[in-house]
Each structure stands twice: as structure tokens, then as C-alpha cells.
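S.K.: Chain residues, written in single-letter form:
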Amino acid sequence: MNAATDPAQLAAFDARWRSPRGWLGFFTEVNNQQLGIRFMVTSLIFFALGGAMALLMRIQLAVPENDFMGPQAYNELFTMHGSTMMFLFAVPFLEGLALYVLPLMIGSRDVAFPRLTAFSYWTYLFGGLIFFCSFLTGTPPDAGWFAYTPLSGPGYAGLGMDFWVMGLALVEIAGLAAGVEIVVTILKLRAPGMSLRRMPMFAWTLLVSGAMMIFAFSVLLVATLLLEFDRAAGFAFFDPVRGGSSLLWQHLFWFFGHPEVYIMFLPATGIVSTLVTTAARRPLAAYPLVAMAVVVTGFVSFGLWMHHMYATGLPELGLSFFAAASLMIGVASGIQIFAWIATLWGSRPRLTVPFLYVLGFFFNFVLGGFTGVMVAVVPFDWQVHDTFFIVAHFHYVIIGGVVFPVFAALHYWLPKVTGRLQNERLGRWGFWLNFVGFNLTFFPMHLMGFLGLARRVYTYPEELQIGGYNLVSTIGSFIMAAGFVVIVIDLLRSVRRGPAAGDNPWDAGTLDGSMSSPPPIYSFLRPPVVRSREPLWGPVKHQPGEPALEEEALSERASAALHAAPAEWRATLATDAITGRPSGVQVLAEPSLSPLLAALGLSLAFVGVLLKSYLLLPLGLVLAVSFMARWLYPSSDYNRMVHESGLAKRSGLPVLLEGARSCSWWGMLCFVGIAGSAFSALYFCYFYLWLFAEAWPPPDTAPLDPLRGALTHAPLLLAAVAAWLAKRRLREAPRGPVTLLGVACALTVLHLGLATAELVALPFSPRDHSYGSAVFVLLAAVLAFSFVAALLLGCALVRSRRVEPWDRVPLRLQLQHTSMFAWITAASAAASYAILHLAPRLL
Amino acid sequence: MVTDSIRSEEACRVPCLYPCSSVKSVVNNLPVSRWTLRFCLLGGGVAWLVHLVGAWAIAEFGILGGFSSVHTLILVLSAAMLLAAGAATLVSAHVRRAAGAETHEDTRTVAFCGRLGVVTNAVFTVIIAAQTVPVFYFLDP
Chain A
134 MNAATDPAQL
144 AAFDARWRSP
154 RGWLGFFTEV
164 NNQQLGIRFM
174 VTSLIFFALG
184 GAMALLMRIQ
194 LAVPENDFMG
204 PQAYNELFTM
214 HGSTMMFLFA
224 VPFLEGLALY
234 VLPLMIGSRD
244 VAFPRLTAFS
254 YWTYLFGGLI
264 FFCSFLTGTP
274 PDAGWFAYTP
284 LSGPGYAGLG
294 MDFWVMGLAL
304 VEIAGLAAGV
314 EIVVTILKLR
324 APGMSLRRMP
334 MFAWTLLVSG
344 AMMIFAFSVL
354 LVATLLLEFD
364 RAAGFAFFDP
374 VRGGSSLLWQ
384 HLFWFFGHPE
394 VYIMFLPATG
404 IVSTLVTTAA
414 RRPLAAYPLV
424 AMAVVVTGFV
434 SFGLWMHHMY
444 ATGLPELGLS
454 FFAAASLMIG
464 VASGIQIFAW
474 IATLWGSRPR
484 LTVPFLYVLG
494 FFFNFVLGGF
504 TGVMVAVVPF
514 DWQVHDTFFI
524 VAHFHYVIIG
534 GVVFPVFAAL
544 HYWLPKVTGR
554 LQNERLGRWG
564 FWLNFVGFNL
574 TFFPMHLMGF
584 LGLARRVYTY
594 PEELQIGGYN
604 LVSTIGSFIM
614 AAGFVVIVID
624 LLRSVRRGPA
634 AGDNPWDAGT
644 LDGSMSSPPP
654 IYSFLRPPVV
664 RSREPLWGPV
674 KHQPGEPALE
684 EEALSERASA
694 ALHAAPAEWR
704 ATLATDAITG
714 RPSGVQVLAE
724 PSLSPLLAAL
734 GLSLAFVGVL
744 LKSYLLLPLG
754 LVLAVSFMAR
764 WLYPSSDYNR
774 MVHESGLAKR
784 SGLPVLLEGA
794 RSCSWWGMLC
804 FVGIAGSAFS
814 ALYFCYFYLW
824 LFAEAWPPPD
834 TAPLDPLRGA
844 LTHAPLLLAA
854 VAAWLAKRRL
864 REAPRGPVTL
874 LGVACALTVL
884 HLGLATAELV
894 ALPFSPRDHS
904 YGSAVFVLLA
914 AVLAFSFVAA
924 LLLGCALVRS
934 RRVEPWDRVP
944 LRLQLQHTSM
954 FAWITAASAA
964 ASYAILHLAP
974 RLL
Chain B
108 MVTDSIRSEE
118 ACRVPCLYPC
128 SSVKSVVNNL
138 PVSRWTLRFC
148 LLGGGVAWLV
158 HLVGAWAIAE
168 FGILGGFSSV
178 HTLILVLSAA
188 MLLAAGAATL
198 VSAHVRRAAG
208 AETHEDTRTV
218 AFCGRLGVVT
228 NAVFTVIIAA
238 QTVPVFYFLD
248 P
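These protein sequences, in sequence, are chains A and B.
Per this note's numbering, the very first residue in the first sequence carries number 134; after that it's consecutive.
Per this note's numbering, the very first residue in the second sequence carries number 108; after that it's consecutive.
Check the hints yourself; a few may be wrong.
Said to hold, decoys possible - According to the in silico footprint, chain B covers these stretches of chain A (three or more CB under 8 Å from chain B):
| hint | stretch |
| --- | --- |
| 1 | 325-338 |
| 2 | 414-424 |
| 3 | 435-445 |
| 4 | 457-463 |
As the list claims (entries may be wrong) - If you want a taste of the chain B side facing chain A, the calculated C-beta under 8 Å gives, among others:
| hint | residue |
| --- | --- |
| 5 | W163 |
| 6 | C220 |
| 7 | V230 |
Keep in mind that the hints were calculated from the coordinates and are not lab data.
The beta carbon of each residue, even a glycine, is placed where N, CA and C say it ideally should be.
Use the sequences and the hints to build the structure in full.
M.R.: Structure, rendered in C-alpha cells:
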């Protein structure tokens, strides 16, 4: 795809995309390939640590009444093992893989928001380090990876739990950033011609998974922050004595926790679809049905959270809905399995190492799926709840359904990353050790569960007569560990001594096969024009008799204009989300220290909470906000350079984008999703606590003043209207919006003052009762949004005072964002007002 | 926002491959509107999600709150969401038909979305119906 071009032009283009050398380059890196590799390597290190903890647990359980470790150490290990594998390995690895492979597969030069990717990586790294720092203080968390309250509350868990909560909150922010990144990249940066129906299945799965991350991670972020409010500030969300509810935590956690499984599983199925297609050398069978199954799985996974709570005494009518949904999701997974079988049927797949892992996935995942259908049935679940049967089930789903495809992906795409092939014999050894070891480890756990072995208990009596099963399981775990070591040796060996991989070692049909191995830092010198679902196999030109497609000529022109250009700034082609037609030239961000410093500031704030050093908290937040503002603040000189580059004329496409053409508009839409689900989680908390309260508000609590509430929040609504009018006014006159923006800004600042006064003067303490906690947090959340809205409006006001011709489109885009944010803030204020002031009077 | 960008003065001044009228066609030259496409792709899923969360909330809050018409409310909700998912299926079938002869990549994409919508929404219609069945079981005293 990368045709030759003028060497001087090529050198300038290459230089534009390279990061500075040395440490500065390391810290300012924003390139998707480099950050993708960092994500994958970091997550594999965490995987090794989590695996080592699992081995220690298996040693403890190898024989009955073992005293290798005590109950406290066992609690800490299973907590850290589960948390590490779920939060620090599986999702981040797939994020890294997506960052590396996705742009190559969809024909983009980079992801949509390179600096957000860097911020996501640093936040993830710092979150993981905070997580593991709990070992240094000698108090690792011990309440399980699900951190059920009250076990994780201030009465039972020590400092280790604060490390867990704060580390996890940072990792969630990283996940949210990655989710936005993935969704917008897939929707906006596909190659010209890559309509929805031509999108690789891996991209479909990542799109759904990214959207799920946006909705699921925001709920978990709210849950962890509420838990920290309870722990650090003495709030009462999860304390039943003060009107809180322990089950509330379970609802919030599992509303995230179950989709989390599918957030990992769906990209894994995308990997399998890619590998099956390549192995069979034919297009994926029933492509629309598989896409449907992916979409259905994404939706249904949000309706399964209750099946983790069958044993908590919920109304049976409610349980029946979730049992039905839990059974239905098997249909969607089944469709994918049958599509893969149909694709392979009659083909002669090459039994390469990646494909061996795919076969291993089929065997293990189908077994895990069957036991999943079993535990979806309420009476069966009651029998095996909290036994080793459940441990076996979810390891078959997660290792069989996610880790095996991850290993397949490692073998499949590593030659692309390193340019070197791995050793086939070592690869096969690695596979068989993993496959045999895995089944030896986890299959006996089904039987042990039936025989009554409870999970999360550090030992078991000899009379249970399951010592033999446990010993086999422990031996299996060491075989599996040996398999992982073989994979690592093979990986390291291949980087140094492997034979050259060539551009397309597996003869794949997707665009990544068109790149050299390793690919250039800018991926595509000339953006490809896609004409079929497998561009490297399908027709590269029109079929005889097929009508000439006008848009192909247009795509070719745009693509030709971007051949080794521009050399002064980074750019890629933006396309329409549905049809894949070129819609503009998307400017991409340059290397910057700001993402790292913003992540450091945020981590500092979280460490401040952790250490109860409340000076660090505002300091960290100010740092984070300052560096984010610095990274987002547009440069007029840069706009001028882009405007005057002549690329618009050559490509026939706008270079300064606004509205739905621009990636950042879509990013803002994702943010609306995040804010919406976070506020919905808070409203859910309020009503849930109300449901179980004897009286709401509690007796002897002074009521909130509805008039004062209305007067406090009304300015926000007016500010949103003013911001919207300012956006419209900009069309008529460049300096038109100044007054309106000034009014909007003043109204928001007025709201900040009034809302702060209302919060300070609340007639009750948030520590006394869950009602007070809920009211305080709802008002504080609106206040936080109002603060950000004031910043955005202030920034827009400053920029709109002097508008050069090249700044008009970026300013319009900025006003679109600001207006959208002002509306979100006003809507959250209105909803909070209705819930706090009107609902108690009406219901 | 799409329309905003089309109407914008600057968009017309840009030496664009798609002059103003055809910018509109790039965005809107589809046989159906974008809202129809969104409803076709997501309507059934959203209806199902509303049904599940709504039915659970009515069951949980209604039963614990001592509300007497829990079953009736759930049945009304189920009927409404079945209608919504069914409507999404029919709209998807219409989208599929509206794509016509599929001679153009855009119309092929619309036809694909229509096919995808028919199957997805039909599946969600079936799931909503299946999830409503237990309500009748629990109606039995």
C-alpha cells in the first residue's frame, strides 16, 4: 500500500511522525503503536504477577489442612489475584492490542485522540502501581476482587482497601479513556470505502466492547468513589446501621462486573473470527448474523448483573427476568460458534500455533458456556453458589474464552510487531502445556464444587476426600505456568533470532497484512481505499459489469492527496460513520508531556485521598485540570498552518472539522454517555436507599427548601440557553457570541456560588444517615460539573474575543462542545432537583 | 449537528470535493434518514433494556413497597416494549426494502443495516416475550 514517493518528502513525513529521541520521547510518546506495545507489555507483567499469586494459592490447597499460609495471606492473595487479572491484565491487554492492530486493520494512521491514549496508559500504569504498593505497606486488600461491603467498609478493611479503591478508580478512568478512543476511532477513522458492512469483525467486536466500557466503567467509578466516601469521610451509603445498604454495592458492582466479562470476551471473539477467516482462507460465514450476535451480546450483557445475586434474597419475579436473559445470551454466543464452524467446514485450515489456540478456545469456552447456562438456572445456582464449581466455570470462560484467544493473538500479530517469526516447535509446546495444564487445573474444580468445597476458604478438612482432586489441580497449574514461561521464552527468542516474518506471514485478508513488518510509525503512507470486506483477497477494482462508483474516484483523490502528506502536521482521513465515505482530514495531536503530567496530577490527588493528606487532593486536581487544559487548548498558529496548507484544495476535503465530521464531536457524545450513566447510577443509589429506609427523609431531619433549590439551579439552565444562542450567533458574526458567552459564564459562576452555599448550609450531616450522604453527593456532582462548565465557557469566551479567519471552524467546534456540556450540566441539575425536592413530595 | 455543519458558511467556502449541495448528498443521500437507521440498529436493544430494567424496578420497588398493581404494570410495560421492538423490526424490513437494487455502496450499506436490524430486533422481540412469560406464572396465586 505504501507506494514510493519523493525521498525528501518521505523523510520530512517520517520525521513528522517520529517522537523525539531519548527519555523526552519516551515520556511524550503519543503514537498508537508504541503505546499499544506498552499497554500489552505492562499488562503481561501484571499477568505474570497475578499468575504467581495463583500458584501460591494452589500450593496452599494442594493438600488438606495445609499450613503453607494462613487465612489472612490467602484472603489477600485471592483478592490481589482476581483484581490483577480482571482489572490490570485482561482489559488493558485487549486495549493495547486494539491500539496497535485496529488502525492497521481499518486503514488509519493513528487513533482518534493520541494524547488521550497516552493519558490512558499513564493513568493505568499509576493505578496498577498504587494497587501493588499495598504490599509495601504490609496491608494488601483482602475483601475479594468484588470488594463486597461491609467487608470492604471502614469497619473491617484497613488501608489496603484504600489502595484497592484508589488504584482501581485510576484504572477505570484509563478504561473509560480507552473506550472513547476505540469507539471514535472505529466510527470516524476507517479507510475510505470501509462501510459498516465491510468492517472487519474484530472492529465490530471492539466497537461494541468500547461502547460497553463507556457505560459499565462509569458505574463502577461511581461505586468506588462512593465506597471511598464511606471509608474516608464516614458517609453511610453502605452502612445498614445508618440507613445504607450492603446490597447496593453488589448492584453497582455487578452492573459493571458482568458486562466486564463481555468487554473482555467480545474482542476475544473478534480475534477468533479473524484467525478462523485467515486459517480457512475464506470470508466469515454469516457475517451479518455474527455482527448481530455481537450487538445483542453487548446489550444483553447489561441485563445479567442480577445472576450474581441469586442468593441474596431478591424477589423471585425479579430473578426470573434475569434468569431468562442469562439463558438468552447463550443463543448469541452459539450463533458465533456455529458461524466459525461453518467458515471452517470443508476448508483445509493450516494447524499453525495461533490456530491451535483457537481450537483450544472452542473446546474450553464451549465447556464454560455450558456451565454458564447451568448456573443461569436459579435453583441450580443456589446449590453451587460460592463453591469451586463457580471457580471452574468462570475460569473456563475467562481463560478458555479470553486468555486462549489472547495467546492466539500474541502468536498471530507478534510477527507484525517485531518483524520476526516465532519458533513453531516452541509455540506448540507452549500450547499443549497450557491446554493440558488448564484442563488439569480447572476441570477437577467442577467435581470439588459438587462435593462441597467452598471457595475463598484457605483450607479444607481431610474428611471431605478431595485432596486428590486438589493435588491434580495444583500440578495442572504448574504445567500451565510452564506453558506461559515457554511462550515468553519463544517471544524473547524470536525478537532476537527469529526468521524474518515478511509483510503477511499468515496470508491474511485484512489491511494489516498490507503493511511491512514492523509497520512504519505512521502506518499508511497513502490511506488505502477499501473495496471489499477482505481487502487483500477481495476485488481490488470494479468487477466487469459493475457500475462505476463515483465515491471511489473521490476516495482515490483524497487518498492521493494524503500520500506522504502533510509533512508539517499529523493527519489522517476522517470518514462517515456509516458509509465510510471521506468526510474530512482529521488533524492528529503531536507528542506532548501534558498527558503524563495530567495523569500524575490525578494520581497525586488520589494518593492524597489514600493518605488522608487533603492538601495533596486539591493540588493534584489543579495540576490535572491545568495540564488537561493545556493539552486541549487550541493553538491559533497551528490552525493557521493547517488552514493554509493547501491540503483542502488537493484532497477536496475540509481540514478544519466541526460537528459530526469531527472526531472530537463524537468524543463529546461518548462523554455524554459517561456522564449519563454516572448520574443514573447516583439516582439509582438514591431511590434504592429510599426503598429500604423506614422513613425518607429520616425523622428529625430538616427538609430541603425547594424554593432555594430552584433559585440555585435555575442559572444553570439559563447558562445552557445562553451558550446555545452563542453557538448560533457565531454563524452570523465572528464576534457575535462574546456577550452571550459572558452572560453564560456569569450565570455559571453564580450557580457555583449558590450551590456551594447550599451544600455548606445543608441542614443535616452526610455522615448521620444515608439520606444525607445521597443528597450531599448528588449536589456535589452537579457542582463539579458546573465548575467544569464554567471553565469551558471561560475558555470559549477568551477565544471568541479575537477570531482570525482560520479560527472560525475550531471555535464553532469548541462552542458546540461547550454548549453540549452546558446542557448536560443543566439536565443533571434539573434531574437532581426533581429527585431531591419533588420526588419526596410526590411519591 | 450534521445539518449545522452543512449550513455553515465556511463549509461552502472550503474548496471542497463535495460542493455545498453534494456535501448534503454525502451526508444525506441515503434512502432513509439517519434516525431511521439508528432506530433500525438500536431500537430493539434499547426496548429490551428498558423492559428489563423497568420490569425489575417495578418488581423490586413495587413488591417491597407494597404496591398492589405490580403484575399489571409489568404486563403494560412488556406490551409497550414488545410493540417498540416489533416496530423496530418492521422499520428494519422497510429499510431493507428501501435500499432497493443495491447498486451503490451506500445502498448496500443501508441494506446491510436493514438486514442486521431485522434479525437483531426480532431476537429482542423474542427475548422480551420470553421474559414476560414468568409474569403469568407469578400471577397464579
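S.K.: Holds or violated: the stretch 457-463 of chain A covered by chain B, criterion of 3 or more residues with Cβ-Cβ distance under 8 Å?
M.R.: holds (count 3)
S.K.: At a Cβ distance under 8 Å, does chain B reach at least three residues of the stretch 435-445 of chain A?
M.R.: holds (count 3)
S.K.: Answer holds if the nearest beta-carbon of chain A is closer than 8 Å to that of W163(B); otherwise answer violated.
M.R.: Nearest chain A Cβ about 5 Å off; hint holds.
S.K.: Hint C220(B) vs chain A: min CB-CB distance below 8 Å?
M.R.: With Cβ-Cβ at 7 Å, under 8 Å, it holds.
S.K.: Have a go at the V230(B) hint: is there a Cβ in chain A nearer than 8 Å to its own Cβ?
M.R.: Since the shortest Cβ distance to chain A is 6 Å, the answer is holds.
S.K.: Within the assertion that chain B covers the stretch 414-424 of chain A, do at least three residues meet a Cβ-to-Cβ distance smaller than 8 Å?
M.R.: holds (count 3)
S.K.: If you count the residues of the stretch 325-338 of chain A with a beta-carbon closer than 8 Å to a beta-carbon of chain B, do you get 3 or more?
M.R.: This one holds; 4 residues, not fewer than the three required, reach chain B with a Cβ under 8 Å.
In summary, the structure agrees with every hint in the numbered list given earlier.
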